[in-house]
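**Student:** Given chain A's structure and the hints, the job is docking chains B and C onto it.
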Amino acid sequence: MRGKILIAKPGLDGHDRGAKYIARCLRDDGFEVVYTGIRRTPEEIVSSAIQEDVDVIGLSILSGAHLEIFAEIFRLLKERGAGDIAVVGGGIIPEPDIITLRAAGVRAIFTPGSSLEEMLVLFRELAGETRRQRGLITS
Amino acid sequence: MNLTAIIAALQQGDLRALARAISIVEAGGATAEALLDQVPLLASKADVVGITGAPGAGKSSLLDCLIEVYKQRDSRVGVVAVDPTSSVHDGAILGDRIRWMRHACSPNVVIRSLASRGSLGGVSAATAAVVRLLAAAGCRPVFVETVGVGQIGSEIAGIAGLVVALTAPGLGDDIQMMKAGVLDVADLVVLNKADLPGASALHSALAAELEHRGGRIISTNAIDGGGVAELVGAIDELRHAAGRTPNGHPVDRSRLEARIVEHSLALLRPRLRARLATMANLNLPPDDLARILAEAHETSRPLSNP
Amino acid sequence: MNGSNGSLPPAFRDWSANVLEPARRRLPERRAAFVTASGLPVPVLSVPESLEPSYQERLGFPGEFPFTRGIRPTMYRSRLWTMRQYSGFATAAESNRRYRALLASGQDGLSVAFDLPTQLGLDSDHPLSRGEVGKVGVAIDSLADMELLFQDIPLDRVSTSMTINAPAAVLLAMYAVVGEQQGVGFRQLKGTVQNDILKEYTARGTYIFPPRPSLALAGELIAWCAAEMPGFNPISISGYHIREAGATAAQEVAFTFANAIAYVETALQRGLAIDAFAPRLSFFFNAASDFFEEIAKFRAARRIWARLVREKFRATKLESAMLRFHVQTAGHTLTAQQVDNNLGRVTLQAMAAILGGAQSLHVNAKDEALSLPTDASAETALRIQQILAFETGIADSVDPLGGSYHVEMLTDTLERAILDCMAEVERAGGALAATESGFIQRQIEESAYRQQRAIDHGERIIVGVNRFRTEVPETAPPATDPSDGRLGVDAQLERLADVRARRDSAVVGTVLGQLEGAARAGKPVMPEIVSAVRAYATVGEICAVLRSVWGEHRP
Chain A
1 MRGKILIAKP GLDGHDRGAK YIARCLRDDG FEVVYTGIRR TPEEIVSSAI
51 QEDVDVIGLS ILSGAHLEIF AEIFRLLKER GAGDIAVVGG GIIPEPDIIT
101 LRAAGVRAIF TPGSSLEEML VLFRELAGET RRQRGLITS
Chain B
140 MNLTAIIAAL QQGDLRALAR AISIVEAGGA TAEALLDQVP LLASKADVVG
190 ITGAPGAGKS SLLDCLIEVY KQRDSRVGVV AVDPTSSVHD GAILGDRIRW
240 MRHACSPNVV IRSLASRGSL GGVSAATAAV VRLLAAAGCR PVFVETVGVG
290 QIGSEIAGIA GLVVALTAPG LGDDIQMMKA GVLDVADLVV LNKADLPGAS
340 ALHSALAAEL EHRGGRIIST NAIDGGGVAE LVGAIDELRH AAGRTPNGHP
390 VDRSRLEARI VEHSLALLRP RLRARLATMA NLNLPPDDLA RILAEAHETS
440 RPLSNP
Chain C
446 MNGSNGSLPP AFRDWSANVL EPARRRLPER RAAFVTASGL PVPVLSVPES
496 LEPSYQERLG FPGEFPFTRG IRPTMYRSRL WTMRQYSGFA TAAESNRRYR
546 ALLASGQDGL SVAFDLPTQL GLDSDHPLSR GEVGKVGVAI DSLADMELLF
596 QDIPLDRVST SMTINAPAAV LLAMYAVVGE QQGVGFRQLK GTVQNDILKE
646 YTARGTYIFP PRPSLALAGE LIAWCAAEMP GFNPISISGY HIREAGATAA
696 QEVAFTFANA IAYVETALQR GLAIDAFAPR LSFFFNAASD FFEEIAKFRA
746 ARRIWARLVR EKFRATKLES AMLRFHVQTA GHTLTAQQVD NNLGRVTLQA
796 MAAILGGAQS LHVNAKDEAL SLPTDASAET ALRIQQILAF ETGIADSVDP
846 LGGSYHVEML TDTLERAILD CMAEVERAGG ALAATESGFI QRQIEESAYR
896 QQRAIDHGER IIVGVNRFRT EVPETAPPAT DPSDGRLGVD AQLERLADVR
946 ARRDSAVVGT VLGQLEGAAR AGKPVMPEIV SAVRAYATVG EICAVLRSVW
996 GEHRP
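Residue numbers (this note's numbering), protein chains in the order written: chain A, 1 to 139; chain B, 140 to 445; chain C, 446 to 1000.
Incorrect hints may appear among the rest.
[Stated by the list, open to error] Chain C stretches covered by chain A per the calculated footprint, using a threshold of three residues with CB under 8 Å from any CB of chain A:
(1) 610-622
(2) 681-695
(3) 775-782
(4) 806-816
(5) 834-842
(6) 894-907
[What the hints assert, rightly or not] Partner residues aside, some chain A positions facing chain B, computed with beta carbon under 7 Å:
(7) PRO94
(8) ILE98
(9) THR100
The hints are simulated quantities; they were obtained by calculation from the structure and are not laboratory data. We treat Cβ as the ideally placed atom computed from N, Cα and C, and that holds for glycine.
Same shape as in the complex, but just chain A (with noise of 0.2 Å):
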């Protein structure tokens, strides 16, 4: 078991299908995934994440409202005392914005041009990360 993560969706729009996806690969690499749907909100998805215990959050935002939600999400994790957890974004997001966001904490953003293979060495990378500090494994 590599770690656990929350897959989520925050924002309207519908289009789940990349999230799945990664869900299912993120499995298939043997990580524990909680896959929580789409329409969640900062609230539900900062909440789901602490009562779960994740290592990583990774959401995927289509709607183009994503400096909002990231921003209430940090906010969230750090009023509750989560701000260990990792967070990282997919999406169709502007380059300026990905600056923007970078700056804000997160981790990583995944556009349409990045591959599976790098993406699944971050999520090791930060969930064996977020596993040392917490005293969850050792090596």
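**Tutor:** Positioned in the frame of chain A, the structure of chains B and C alone reads:
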């Protein structure tokens, strides 16, 4: 990591501490043992309700209705959902929570998804301990939804004081599957999706099967909530009955035996698995295997008398 | 072949005299004579010298049952497909400006895309609408927005296509009332409303209520249109999104037809006669990259639908059995890498749609995988349609691939695969039960997983993605100007507040109460929705009433 602080916090109802404690217990090993040593044992299993049944019977949807009822009460309701770990990849999709997202922000609902991590009995090795942690954090009752398995879903009886077995029309050979295991430990049998064709035939078949075993059948429809109030009434009735007598509600001898066996196996399994995991390889002479089994049995002793 | 009349089979001559010629008289062909680039004659239809009995049964002549070769005798020789490019603009005022420009340049069909809050029955000031107002289409809260959207556009002279599903009844009622304000009766209005709620649960995700009451509402809208707005297509049953979600070509058609059966049965249960509404059912399919499979898919779909309507539902009108469909090229095949490659993809996909006999077509812009298309790329998409229509000659002969051993074999193969898949849905209890149980969702998900897996493992080649990559940095998607949409959002919120302040709130309360009463009693809700719309009740308020009665769908 300060285990005492984690336990103190979780007993105050701190969700982050509870979640971390569960992760520690899931990871197993000495830290998990040390943590569990400080967590009170369950006073009674009467508040632990198992939900089992074949895939497609509608366990998650029905549990969604039950959570909606129990979250209105004074205490928190706990939910443990077990999904299968892929035998090939070691990973798992924990997809039950998606059905319960309307409760995600409710302060009265705590949900935890577990992967079965190699256990074949419908729950994970850590499930019993996770239930203890949820109870310690004030959850009454705690629902445990098993992996959707038919024949091997009876391990839940070792954990739950009350087992609800679910079936629905159109699942195929479900009566046969239920006969072979789940019905032996079920206190309540729920016929879900009772509006679908084939429901009355299934009801007759279940009634015939339960005639000499005893047990009650409740028809529900998780989509419109039909029968849920009756099910809640039956669950509460049995919980209270179980609370009054140390042996729980009246069960016949064969069912009691099945419970004892399941309970013992649930306790033995993680020890045995941990011991086997330390072995470099399993190409051993039969004598050595017998010795390991005996040794594992020995190591499980301190826990088998809770 | 059919160079001289002497060698033609008698059936062809019969068709020519009894079907083709009357059709030509009603609707003349675009040109007096069609010739190749070198001046050689192009026949309207090619047929074998001798027709086996199975020809009539499996293919038929164009415009004749089972319509495998096309639903019209002359197809594009008389009238080209409608080039309908779907687009969304943020505000009602901006959309209105664009619509009027399009109409001035000769276009006669409008296509309206709504933003996500509107599609989900939420007003622009709802907390969940934050950041989404006007993002993927126009925001409509009340009749006031709809009035602005169609200001100075004569609704008796345009045909309007509205991509709206869960709150379709509300938006259609608004459109009807705006028409009325212009002095255009409901019966004179022309257009299409998508109103295909079942595929929202399995593929597109913009559902509100649970499947059962939603299906009943869709059925009510079909019946209401048949009685009140006979010039409107009350539903566009869509495989497009099912395919985008990951279905195979056969699954796309099979799940679409399974949904169509559910709508037809719902309408029949309301007492409608099949021939009273079947000619108004329209469809919407996807054109992906496997060229011959897509062509075969369209041909097989026409044959299956014709037989289904006639045999299962006992339709007698010829029009009832005709599968009329819109096609959009496959968004999921566009790549972010080497964006210009997408021009090749959409061109071939559009060609498959034309060779497959589509009634209307949207060609995706090359940059749609990255962002909303730029004006230039949207224009090129339209130009591709025009090149295919006017330069290539593929529109000058009906079903030019008919009779190809390969295409006919594939058509038969697709037909079997579609029928097998439809039978599986039937065994799972039909479209409604198979949607509620998640059966269809799981099938689509499994196909999506397998296809993407094949790409990631290099078993399926995508040029520029897993083969033939260039190492030059990709162009990033253009930046969105944050102030850009903000002005529109503020204006929208202002107008909504203004409507709430100025309308007669007692009347709104009364009509919403009547709507609730009708919904609870299981009575028709459409008349109450029309009254609510007239009283300037908002989309969010009307949907909130229905939510309180019907509940919300939880996947």
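**Student:** So which of the earlier hints does this model not fit?
**Tutor:** Violated hints (numbers, rising): 1, 5, 7, 8, 9; every other hint is consistent with the structure.
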